[in-house]
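There are 6 protein chains.
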Amino acid sequence: MTAADSTGPSAEHATAGLSVATKATVLCEALPYIRRFAKRVIVVKYGGNALAGNDPAAALAYFAEDVVLLRSVGMQPVVVHGGGPQIGDLMERLGKVPQFVDGLRVTDSETLEIARMVLVGKVNRDIVGAMNVHGPVAVGLSGEDAGLIAATPRDEALGYVGDIAAVDPAILRKLIAEGLIPVIATIGSDAAGQAYNINADTVAGAVAEAVGAEKLIFLTDIEGIRTDPGDPATLVTRLRAAQLDDLMSSRAVSSGMIPKASACAHAVRHGVGSAHVLDGRVRHALLLELLTPEGVGTMVVGP
Amino acid sequence: MTAADSTGPSAEHATAGLSVATKATVLCEALPYIRRFAKRVIVVKYGGNALAGNDPAAALAYFAEDVVLLRSVGMQPVVVHGGGPQIGDLMERLGKVPQFVDGLRVTDSETLEIARMVLVGKVNRDIVGAMNVHGPVAVGLSGEDAGLIAATPRDEALGYVGDIAAVDPAILRKLIAEGLIPVIATIGSDAAGQAYNINADTVAGAVAEAVGAEKLIFLTDIEGIRTDPGDPATLVTRLRAAQLDDLMSSRAVSSGMIPKASACAHAVRHGVGSAHVLDGRVRHALLLELLTPEGVGTMVVGP
Amino acid sequence: MTAADSTGPSAEHATAGLSVATKATVLCEALPYIRRFAKRVIVVKYGGNALAGNDPAAALAYFAEDVVLLRSVGMQPVVVHGGGPQIGDLMERLGKVPQFVDGLRVTDSETLEIARMVLVGKVNRDIVGAMNVHGPVAVGLSGEDAGLIAATPRDEALGYVGDIAAVDPAILRKLIAEGLIPVIATIGSDAAGQAYNINADTVAGAVAEAVGAEKLIFLTDIEGIRTDPGDPATLVTRLRAAQLDDLMSSRAVSSGMIPKASACAHAVRHGVGSAHVLDGRVRHALLLELLTPEGVGTMVVGP
Amino acid sequence: MTAADSTGPSAEHATAGLSVATKATVLCEALPYIRRFAKRVIVVKYGGNALAGNDPAAALAYFAEDVVLLRSVGMQPVVVHGGGPQIGDLMERLGKVPQFVDGLRVTDSETLEIARMVLVGKVNRDIVGAMNVHGPVAVGLSGEDAGLIAATPRDEALGYVGDIAAVDPAILRKLIAEGLIPVIATIGSDAAGQAYNINADTVAGAVAEAVGAEKLIFLTDIEGIRTDPGDPATLVTRLRAAQLDDLMSSRAVSSGMIPKASACAHAVRHGVGSAHVLDGRVRHALLLELLTPEGVGTMVVGP
Amino acid sequence: MTAADSTGPSAEHATAGLSVATKATVLCEALPYIRRFAKRVIVVKYGGNALAGNDPAAALAYFAEDVVLLRSVGMQPVVVHGGGPQIGDLMERLGKVPQFVDGLRVTDSETLEIARMVLVGKVNRDIVGAMNVHGPVAVGLSGEDAGLIAATPRDEALGYVGDIAAVDPAILRKLIAEGLIPVIATIGSDAAGQAYNINADTVAGAVAEAVGAEKLIFLTDIEGIRTDPGDPATLVTRLRAAQLDDLMSSRAVSSGMIPKASACAHAVRHGVGSAHVLDGRVRHALLLELLTPEGVGTMVVGP
Amino acid sequence: MTAADSTGPSAEHATAGLSVATKATVLCEALPYIRRFAKRVIVVKYGGNALAGNDPAAALAYFAEDVVLLRSVGMQPVVVHGGGPQIGDLMERLGKVPQFVDGLRVTDSETLEIARMVLVGKVNRDIVGAMNVHGPVAVGLSGEDAGLIAATPRDEALGYVGDIAAVDPAILRKLIAEGLIPVIATIGSDAAGQAYNINADTVAGAVAEAVGAEKLIFLTDIEGIRTDPGDPATLVTRLRAAQLDDLMSSRAVSSGMIPKASACAHAVRHGVGSAHVLDGRVRHALLLELLTPEGVGTMVVGP
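Quick note, the sequences are listed as chains Y, D, P, L, W and V, same order. Sequential numbering of the first sequence, starting at 1, is according to the working numbering. Sequential numbering of the second sequence, starting at 1, is according to the working numbering. Sequential numbering of the third sequence, starting at 1, is according to the working numbering. Sequential numbering of the fourth sequence, starting at 1, is according to the working numbering. Sequential numbering of the fifth sequence, starting at 1, is according to the working numbering. Sequential numbering of the sixth sequence, starting at 1, is according to the working numbering.
It is worth saying that the hints were derived from the structure and are not from the lab. Since the structure is predicted, the reported quantities are computational estimates derived from the model, not experimental observations. Do not rely on the hints blindly, as some may be mistaken.
If chains are identical, the list can't say which one is meant, so a pair holds when it fits in one copy or spans any two.
Claimed, not checked - No more than 25 Å apart at the CA atoms, straight line, and that leaves these computed lysine to any residue pairs for SDA-like:
#1 Lys174 to Thr202
#2 Lys96 to Pro85
#3 Lys96 to Asp155
#4 Lys174 to Val97
#5 Lys39 to Ala191
#6 Lys96 to Gly271
#7 Lys39 to Ser274
#8 Lys96 to Arg173
#9 Lys96 to Glu156
#10 Lys96 to Leu158
Bound-form chain Y, shown alone (with noise of 0.2 Å):
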């Protein structure tokens, strides 16, 4: 081909360097990548803190990149966002102090309006406008939309914090039926139509074992899960279910790290073919997990 239209980050570096040889290597061996997941759906958990670094609109746009061209190979990936950072962002800004109940951030009315934008309207927003430079093929969605997540208060004490009631998955398969990305912001709502703001790793795993996926995926800004957290040499590649659990148990897996694992060994026993917490640093960190035979951080398998 003597023209192209290349589009993306990935242009900055170029790949003049390379043989003709070393790039047929790479396609190659990517084919039975490509060919086992090949209209199978992979959730991905895009977390705030994955992005992070001097340039989080260029790990957008990698990020983007990468699952467009899951896409473009046949894969059906669903991407489920939070957006923590960008809520406190918008709560200073407008004066709002932050209140807590044992640990947790209580969420009044006012504060859920803030959370509901920012998802919803900004975070949501620059994930689909990403991806969408590349064609016409995100749509973003909030759990409110067509009843995807029915939502329950947590804790009355916590005001509008919810927890997952059930995921009615109808409006993915609509849209991925269609070839569309779906990109879901993670704000669900009762039947009576009040709005609660939901732990976005749970929305991740809760949505991968509703629609059957073959790979739930956190991206964030570790190596993945280690046995002794403070120690990168413990970092484990490949662990069981139970195994996790174990770790878990024994506090061997850091607080933060907690929700991931819980939503990693849950969907691994409903129906997830496996469950990873890859590193979002590193560039095309799902690209290379999902079609090279190098691993990028932790797989999880049942049971």
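On the provided structure of chain Y, position chains D, P, L, W and V as indicated by the hints.
Below, chains D, P, L, W and V without anything else, positioned relative to chain Y:
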């Protein structure tokens, strides 16, 4: 039937005093309209002002109930909304001072981000939520989703104020085909992924044309179009697009009504059956317009 | 809307005196019922007696309008009818003297031919015609068509009086799927092609079971089921199949009501949601039963 | 195959005397015709006279068997029938004296009701029943069903004698698509629901045109069209529509044959492949015409 | 019909001497069989020996005509063929000397290549070609295509003689659904892509089971199965699988018949309706077996 | 991913030395091409000479892997092949002496049979087999199957050498729609079922036009088209059909390249996006051409 699962605001004003004959009469009267508009798209612009008043939440609940009822009897409603006052509120809370060029508000990137958060993360959510208490029927969309609205900058001096370059109704058709009600926030994006804020009246008209709607309906806060804006007695119930052009040329139409009037005239000349300006302050105005012989407001027909 | 294509008898009693608020209230009240019964089959037995009175043509027109309206809002009505009085009329005109065995009319081949002509060629046609003034929506069927009703002789001494051997609902499902209203004359046939006249109440129940109807409705000429047939004050508005069995055992149900009561009790035990005996003399009884919270008549539920 | 489920009148004349070679020859000879007419609509007008003779029930059984066989090998037959003699019989039994205007029978409302009962409730039923002994394949229709035949009055003085205003073949297409054989009684209706009796030859031609039939076949009681009605030796086996026009102009075609001849000439000029007048008294005339190289009767081709 | 597009060998023995009544009789006799086997798969093993004789091209033409006729009347034929004699011919011409181990021919890679060329490139082509003169209806397949037949080596000493590991009927279902006739050459392949030659009788049985065929038919060169291979008078017209087992145990079935008999017994115990051994030397044996009450050969039924 | 099911020849040259960044770069570079050619048909002529060399089996394996990879990423490859040298081999082994008329080989019926055995039964099989080690994706076809290639004799003196009368792509469309890769041997047949051998370059072009291919690619054994056949430095990377015409007129194109060049020029003028002559000796030439910006060989575009 001896038990009902009645929901929504209608429960408050009971029908106990009506004879069954009266009820039957009203239901039968609606029959020919239900038949006529079955499987036809009805695009409704839901304006912030139309819903002003003592109890905006109740106004929204009535509106949502109407839209869901229309869908229940086989019509295919699409809702487009703006949110100017709500954007102004958040700007003020954030200490952002509006700037104007030739009377038009300059939209810098911070203003755009605020507008997007409010439109997509608040107003859109409120409308979707009000509908979904009746079942999982509504899905919120931004014009950025799946390439729905391609935008171009209007004027460099105005920043991210956009004009419509193209409407791709594919995602609307897919959602409608699934029995869902799309609710559209009027943010568009260009090929590079840059978002723009677009006039909601203009979007409503363009969407109605793109999907070949049967009706384009503006719910606003006056009775309809008047030949003398200051004189309620000059309300016109029905006029042709050419007559509307004359009214606009002669400055008989108020400036605030111009985008609506222009959209009406353009739409009926481009495949839309009729366009309407209704008084959204009348409870169930939409229902009455579509299911009874009484007209409420002004109807514009081509050519 | 400023122009209507109003049709049917409802035009005669104008709604001019009703406020728009009243109209809106009635329409909204119907919403939960429309939603609940969408895409559900409603089998209505339309009995000759239910429509007796000063103006049978008007009664039929009201009934037809109701059935068409139910279809317009998404229900799937199926009509089953008899025609005893009309058969008697033609027999008399042809000088045919009825013969009885143990109180049951003997149906020789000439009587059968008369019954078939009247049911299929007159009553069925009149019902189909009354509906089709609203559009091409109704299709007349005999139980002989496409194997709909397989019959067996009840008793040799009675001639061509049949019992139902089987109902094959395939043709009903096909017509319903096309948006059509099947209107069924209750002639069945055996494997050799011999036709039989079958009790219409029994056919209505068997059809409702075969298609898994939501409701089985008998339109007749009394207010409903009474615990004392002679005392209107003993009207029951709701009872269980077991209670209905008791009433039949204790002879509290009149003999003319027995086939209907039996069909009701059997149907709700075999997959039909509920069964109803309504007063067909009330104008729009069907509409009121299905679209308002007021009950008209008796509802039977399982078990 | 060592066991058969043979049905129908063919069982009576055994094939025991035929060699297997003879059988194979006949079956193979039919192959190109089966292939040529697969999925093509064949409209057959089944006239009362064609089936006159010693044993009308046997004639009907042969006809029904032929139609079902044609469907079994992939053709799509549609049957249209009249029933003049049978209408006359019932009128006579009811003491109704026919009245004529210019030689045409006046059809008052009582006559119409009789005609409708006989056509829809007797003749149509007999034909459907004769087919359905072979399986649930036939469905009776009146032109009133689902808007099939829109009628207009021919002449006020003739009462309810109708002309065809339009044929809406939607219901025919739906039934054919389901593998069913529509059998049409020739009653039409106007927009107000008034029924009319329509000439069956004319209906057959109009239906054939509306569905784009491959063949329009009139089964009658003469060998075909003759250039001299009184001379069997003048039978024509094949002629063009223009030649048929000439025969009609020169009064060479008998008056009873005129509606058939007109329908033939019109049909082949409006999309029907060929039109045929066959001798219905020949057993299996339909089968022989369609599945063997021997012609029976007259074929009309365009233009 | 006055003109035919008759093709195929049947043209040679004219039907001129047959009365139309005879023809109609034969056609009607076929009706119940056509109805019974519509949309049923009929797997036919076409053996080289069955077609031996003075004029193999004519034999093939008769066979092809039969298969195409069966498809024309709605059956779904699948053809499986071998080609032993033809493989032998080419080996001889190439000077290749057959080698045997325990009486079984050793298939080295050169022999395999010869077998594959002959089966896929000659015999398969000849059969496909003979059918396609009747229209584009046949498609040649090797068991290697689209994973149809997975093979395993039978015995190292025999080289590339394969057993069936699995049959994947997906490609057959797709072709049948498109109205095509698959013609299968019995080469299978293993996971590494190595081809194997497999016994055609065994393949025919396995294919019939995999597609749930109505019938499995072996066309061979004897009248059927005999209880004494040397005595034509001991021909059995119908027997159960258990009886066939007994005949095989007692060596009453000739060695050449063993693979066919085994396949028959296995097939009727694994979902195939019946299995047949027919005399392929009888012209149109297939047609006569399937469309007339006369049996030709032996029918095996379960269990 | 920590485990791979890597298959195919690519395993031999490991990617261990490549950084993950390099791999990601190559994969991302392929994205725009994958998106551009998704669901587009790519017709590849696979010539015997292109694969000549030390290890033809390895060359075939590389080619097969490329084709399967292209399908995996959403393209729709169709392979057309010849097999001249292999035909010559078998003729020689059978002692068949080639005869020529005006430099063209005479194809008598024995030669045709040999050609057909080799093309359909050997070369086609080898290609299908090489692909199907990656899964059940390839299906071999002869132009005789399902009426794919209608042939006419070119010249009586040449015997069964055919020209293309018509290509019916229906079978190709069906197989492609099922996700299968058609592999076409270039034997055509006439209406009487007579087979002909047809030039494979010509078939490739005609097939590409018939299916509206995006690309027509000739894999051969030179770097591409040169303006001076003898001088590698005159290789042209891109030219228009008109320029190619000029090269052919001026005899600058070598005689062996003429059929390819003609097919290229014709194809791009008849709906094919572009035509290519690639050097099949470069490993993964197909992959590199379609998924990287580097061109390998000559591209022809219209007009």
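Problem - Violated hints - listed by number, lowest first - result: Numbers 4, 6, 8 - these are the hints that the structure violates, sorted from lowest upward.
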